[in-house]
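Trainee: This is what each chain is made of:
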Amino acid sequence: MSSATATIHETDGVWTLPARGRVGMYALIVAEAAIFTIFVVAYLFYVGKSLTGPMPADVLHAPIFLTICLLSSSLTIHLAVTALRGARSSAFLMWWLLTIVLGTVFLGGTAREWDRLIYESGLTIRTNLFGTSYYSLVGLHAFHVSAGLLGLSTVLVFALRGDVGREHSERLDVLSLYWHFVDVVWIVVFTVVYVIGR
Amino acid sequence: MNTAAPLFSPTNIFAPVSTPADSIFELSLFVLSVTAVIFVIVFGLLVYVVVRFRRRADDDGSEPPQVYGSYEVELAWTIVPMLIVVALFLATARVIASVQLTAAPPNAVDVVVIGHQYWWEYRYPKLNVVTANELHVPVSDPAHPTPTFMTLLSADTDHSFWVPRLAGKTDLIPNHPNSMWIDPHETGVYLGQCAQYCGTQHAKMLLRVYVDSREDFDRWIEAQRRPAQANAAASRGQQIFETTACVNCHAVAGTPADGRFGPDLTHFMSRETIASGAALNTPDNLRLWIRNPDALKPGSRMPAMNLSDQDVNAVADYLESLR
Amino acid sequence: MTTAEITLVRTDVRPRPLVERLHEWVTTVDHKRLGVMYIVYALVFLVIGGIEATIMRIQLVAPHQDFVSPQVFNRMFTMHGTTMIFFVAMPVMFGFANYLVPLMIGARDMAFPRLNAFSFWLTAFGGLLLYFSFLGGSGVYGAGNAPDVGWFAYAPLTAQTFSPGHSTDYWTLSLLVSGFGSIGTAINILATILCMRCPGMTLGKMPLFTWLNLTMSGLVLIVVSPLSAAQIMLLVDRYLGGHFFDTQAGGSAVIWMHFFWVFGHPEVYVLVIPAFAFASEIIPVFSRKAIFGYPIMVAATVCIGFISISVWAHHMFTVGMSPAGNTFFVLSTMAISVPTGIKLFNWIATMWGGKIQFGTPMLFCAAFLFQFLIAGLTGIMLSVAPFDWQLANSYFVVAHFHYVIVGAILFTLFGAFYYWFPKFSGRMYRETLGKLHFWLFIIGFHLTFDCMHVPGILGMPRRIYTYEPGRGWDTWNLLVTIGVFFQGVGTLVFVGNLLWSYFKGEIAGSDPWDAWTLEWTTESPPPVYNFAEIPVVKSRRPLWDLKHPEDPDWKYE
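Residue numbers (my numbering), protein chains in the order written: chain U, 1 to 198; chain L, 199 to 521; chain V, 522 to 1078.
Isolated chain U (complex conformation):
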C-alpha cells in the first residue's frame, strides 16, 4: 500500500497554454526550414560554378502560372478552414478540393517542366552542378508538396464520408500551416532559382 500527497493551491485565474498541435507543427516547420536552408545555400554556392553543360539562363523558364496556382492554393485552404469553422461544409469541401487541384496542377506542371529539361535541354541531375543542385532543391520541394497533398487527400476522403465537422477545424488549421509553409518555401525557391540564379 502506498500513498501520495499533493498540495493543492487555489489558482488565481485561468491557466491557459498554447495548443500542442499548433506548437508541434511550428516546431516541425522550423526543422523543415533548416533542411531547405541547406539546399538553398548549396544552390546559391554553386551558381555560376558549373564547368560544362546547360546554364540556367539557357534552359530555365520562370513558371509563373504554376506559382500562381500554388500560391492561390494557400488562399483556398484558408477559405476552406474558415468555411469549416462557420460549419459551412459544402463550401469547405469545395475550397478543400480546389486546394488539392491547384497543388496537383503545380506538381503536374513541374513534371512537365522536368520532362522538357531532361529530353529537350539535356539537363539531368548528373549533367553538371546546376543540374544537381536544381533537381535536388526543386525536387525536395515537390516531395513536400506531394506529402502535403497526401495529407490533404486523406482529409478529403474523410470529408466525403461526412466525417469532418466544425470540431475538426482547429486540426485542419494546423495542417494548413504546413501547406502555407510549403508555399513560402516555393517563394524562396522561385526567387533563388529563377531570379537570382539566372
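Rather than coming from a laboratory, the hints here were simulated on the basis of the structure. Some hints here could point you the wrong way.
What the hints assert, rightly or not - Label-pair ranges, simulated between beta-carbon atoms:
hint, chain 1, residue 1, chain 2, residue 2, range
1, L, 507, V, 586, 26 to 34 angstroms
2, L, 521, U, 196, 56 to 64 angstroms
3, V, 593, L, 507, 27 to 35 angstroms
4, V, 586, L, 263, 57 to 65 angstroms
5, L, 507, V, 964, 53 to 61 angstroms
6, L, 304, U, 196, 38 to 46 angstroms
7, L, 258, V, 1016, 34 to 42 angstroms
What the hints assert, rightly or not - Residues from chain V shown here face chain L by an in silico Cβ test under 10 angstroms; the list is partial:
hint, residue
8, 592
9, 676
10, 838
11, 839
12, 860
13, 867
14, 901
15, 984
To be verified - What the simulated footprint calls covered on chain U by chain V, stretch by stretch (three residues with Cβ under 8 angstroms from a Cβ of chain V suffice, anywhere in the stretch; the number is not a length):
hint, stretch
16, 22-30
17, 49-59
18, 123-130
Backbone N, C-alpha and C define an ideal beta-carbon position, used for all residues, glycine too.
Could you slot chains L and V onto chain U? The hints should help.
Mentor: Okay, now just chains L and V, sitting in the frame of chain U:
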C-alpha cells in the same frame, strides 16, 4: 637526425625551428599562462568549496540559508571573462594575420605539394624538379630569410601537411588550393605525417623535410634535375620495369616510363625511405616492397605484381641504380 | 490551502505471460516506458562502443602492433564515434528527458505519445541498421562491411570512387533514419514543455532540467536537419550521379565540412546541455540549497544555444579559410566560454554555504565540475586558431572532447542514473558499489585522458592505426590504454549494481533524497498516470514549500 632527449620528441610542437611554428609557440605560451591562472583560481575555489562546505558528522539536519542569487556577483564573473576573451582574441588575431598574410619574397623557393593516397608529390616549378616523399628546402637565415612557400593540392581525398617543428598544419583538399610557408633556421631532418584521415594507409603517409645548407640544397636540385643514367648492369631490370605495369604508375625521367599515379622514381636512391616513410630504403625492404607491398603498408595503392624472385631482384637492382 | 490524501492499493496478481509483457513494452506509448527503453538501448550501445574503443587502444598500446588490420581499425574509430554520439549519448538524453519532463511539469505524458513511440523505434532501427553493416555490407571485396570513413565522413573520401561498396551507405542511411527520430522527439519535448505544464508553473517556475531540455530540443530542430540535408546530397552523389561534393566537376569538399559542422558543433551542445541539466538538479539537492542565479542560468543556457550555431568552423581552421574567416570563428568560439563559465560559477556558488553530502550522485557531479573546467580550458586553447593549427586533428583534440563527453557528460549521466534510479525502479542502489564505480572510473578516466593530451602536443595525429617508434609517444599511449581497463571494470560494477539493485535493493519510497521537484511527489516507480491529481504549484521548488511552510520559496522568487 634530431631526436635529442630535451625535445621529448622529434615532432614536439613546443620545439619550433621556423617562424610560423615560432609565432604559434609564443602565442601558445600566452594562452597557457592565461588558462593556468584561470585554472589555479577556479580549481582552488572548487577544492575549497568541496572541503569547507561538507556536511559535518555532527550536523543537526537543518537546511542552510537559501541564497537565490546575486546580480553583483554575476556581473563580476561575466565582465572579467569577457575581458579575458578580448585579450586572447586580439593576441590571436595578430598571429593569424602574421602567418596567413605574409607574402612570398622574390627569393622564396616555390614548391607545389600534391597529396595522394598515401604519398607526397613535390614539384619545384621554377627549378624543373619533380620528386616524391622527401622534401628538401634550404635553411633560412633569419637576417636574410629564404623561406619556402608551398602550394598545397590534392589528387584524390583530403590530406594535411603537418611537420610540427616547422609550422601548423594546412590541409590539402581537391579543387581547393591552399598555401603555407616555412623558413627553418636550423638544418636537419624534420618529421611529420599526414594529419587528415585519407583512407586505409593514412597512418603511414609520413613526412620527411630535409633542411639543407644552401650549397647542399643547390647540389640536390642539380642532381634531381638530371635524367636517369643508363646502366647496362641493370638493363634487364629496366626492361621488366618498362614492360610490366610499373610504368602505368611510375615515371623515370629520360626513359619511356611516364606514369603519374605513383611516386617519381628517377632519383629513387636519393631517398632514405620508401613507401612514404613506411620503411628504410634498404635492399631487403625494397625487395619486400616490390614483392608484396601489403607486407609493409597493407591497403596501399601499389599492387603486388606477382614477379618471380629473379625478376624482383632484377627490378630492385634497376631501382638501386637510379641515383 | 487544502490537502488531498490519495491512497493507492497494490493488488497482487499472477504475473502475466512473457509474450504479453513484451508486447506491452513493444507497443507502449507511455513516456516512462519509452524513457526506460531509450536508456537501456543506450547502455547496450555504450558497452559496444566501449569494446570498439578498447580494441583501438589495444592496437595502439605500442608502436607497430598487429592486433587488428588498418581496415578493421578504421572501421573501429568510425563505428565508435558514430555509435557513441548517435546511439548512446542522444538516446540516453532523450530517454531521461522523456521520463522526467512530464513528471517535473506535472503532466500525465508527453504531448504526442504515439510520435514518441515512433521516434524511439526510428532511432532504435537506425542503430540496428548501422550494426547490420558488419554482417550485410557486402560489395566490392574489402570495401563492403562497416563504414570506415570516420564519424564525420568527409568528402570526397565518401564518394563512390574512394568508398565503393555499401559501407558508407549504412552510415548515411542509419543516421538519416535516426535523425528523423531525433527531430520527432525534439518536437515532442518542445510541445510538452510549452503546452502541458501544470497550473501555476510558468516558464520561470519550471525546474532548470526542463529549461535546459527545452533549449536542447530547440537546438536539435535547427541542427539535425543540416546533417540530414548533407546526407541526402551524399546519396544523390553516390547513386544519382550528382556532383554536390564531386571536386572533379567543380564541386566542393569544403562545403560538406561546413554542412557537417553546422550540425556537428551544436550537436555537442545538444549532448552537454542535458548534462548541465542533471548537474543543475543534483548539485542543489545534495548541497541543500536552491540553485544560485536561476534566471541567469536560463539566460546563459539560451545564449549558449544561440552562440553554438555560430562557431562551427573552428573545426575547419586548417582548411584554408581566409584570415577574416578564421578570426570570426575565433571570436565566436571564445565568446561561448563566457556563458559557460557563468554556469560553472553558479554551480560553485550553489555549493557555497551549503551542507554538501557526497552520495554517489554528488561525487560524480563534483568530479564533473573539476573536469568540465579543464575541458573548457583546453577548449579555449583550441579556439586560438594558430594554436589549433598545431593541435587540430591530433590526440590533443581527442583528449579535449573526451574530457567533455566522458568527463562532463558521462559523469553527470552516471550521477543522474544513481539519482533517479530509485524513482524509476522503486529501489535504492547499493551505495558502496556506487562509490567503487566512482573511484575505479575516475582513476581510469584521468589515466587515459590526462595522458592523452601529451601525444597530441608531441605531434601524434588522430585516426592512425599505428605509429612510429622514436616519436616519444610510446609510454603515453601505454598509460592511456591502461586507463581503459579501470573504466571498463568501473562500468561493469555500475551495470552490476543497477541490475542487482533492481531486484534486491531496499525499497526507496517516493522521496529518498529529500528533494524539491514534482517527480518526487509521486510513487517510485510512478503509476502509469503519474499523478493522481494534477498538481498546482506556486514556486520553483513545490516540495520545499510543502516541507517548509514557514519559509516557502514563493516568498523570495
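Trainee: With reference to the structure, classify each hint as holding or not holding.
Mentor: Hint by hint, here is what the structure shows:
Checking the proposed 26 to 34 angstroms range against residue 507 of chain L and residue 586 of chain V shows it holds: the Cβ atoms sit about 30 angstroms from each other. Take residue 521 of chain L and residue 196 of chain U: their Cβ atoms lie about 60 angstroms apart, and the range 56 to 64 angstroms holds. The hinted window of 27 to 35 angstroms between residue 593 of chain V and residue 507 of chain L holds, with their beta carbons roughly 31 angstroms apart. Distance hint check for residue 586 of chain V and residue 263 of chain L: the Cβ-Cβ separation is about 58 angstroms, which falls inside the suggested range of 57 to 65 angstroms.
About 54 angstroms separates the C-beta atoms of residue 507 of chain L and residue 964 of chain V, a value consistent with the hinted range of 53 to 61 angstroms. Range check, residue 304 of chain L to residue 196 of chain U: about 43 angstroms between beta-carbon atoms, so the 38 to 46 angstroms window is met. For the pair residue 258 of chain L and residue 1016 of chain V, the supplied restraint of 34 to 42 angstroms holds, since their beta-carbon distance comes to about 38 angstroms. A cut of 10 angstroms between beta carbons decides the hint on residue 592 of chain V: the least distance to chain L is about 6 angstroms, and the hint holds.
Restraint check, residue 676 of chain V versus chain L: the minimum CB separation of about 8 angstroms is within 10 angstroms; hint holds. Here the hint on residue 838 of chain V is kept, as its CB sits about 9 angstroms from the closest CB of chain L, short of 10 angstroms. With its C-beta approaching chain L no nearer than about 5 angstroms, residue 839 of chain V sits inside the 10 angstroms limit, and its interface hint holds. Taking 10 angstroms as the C-beta cut-off, the interface hint given for residue 860 of chain V holds, the closest approach to chain L being about 8 angstroms.
Taking 10 angstroms as the C-beta contact cut-off toward chain L, the hint placing residue 867 of chain V at the interface holds, the least distance being around 8 angstroms. The restraint placing residue 901 of chain V at the interface with chain L holds, with a minimum CB-CB distance near 6 angstroms, inside the 10 angstroms limit. Given the 10 angstroms rule on beta carbons, the hint for residue 984 of chain V holds: about 4 angstroms separates it from the nearest Cβ of chain L. Counting residues of the stretch 22-30 of chain U whose beta carbon lies closer than 8 angstroms to any beta carbon of chain V gives 5, which meets the minimum of three for the stated coverage.
Counting residues of the stretch 49-59 of chain U whose beta carbon lies closer than 8 angstroms to any beta carbon of chain V gives 3, which meets the minimum of three for the stated coverage. With a cut-off of 8 angstroms between beta carbons, the stretch 123-130 of chain U has 5 residues touching chain V; three or more are needed, and the interface restraint holds.
Comparing the model with each earlier hint shows no violations; every hint is respected.
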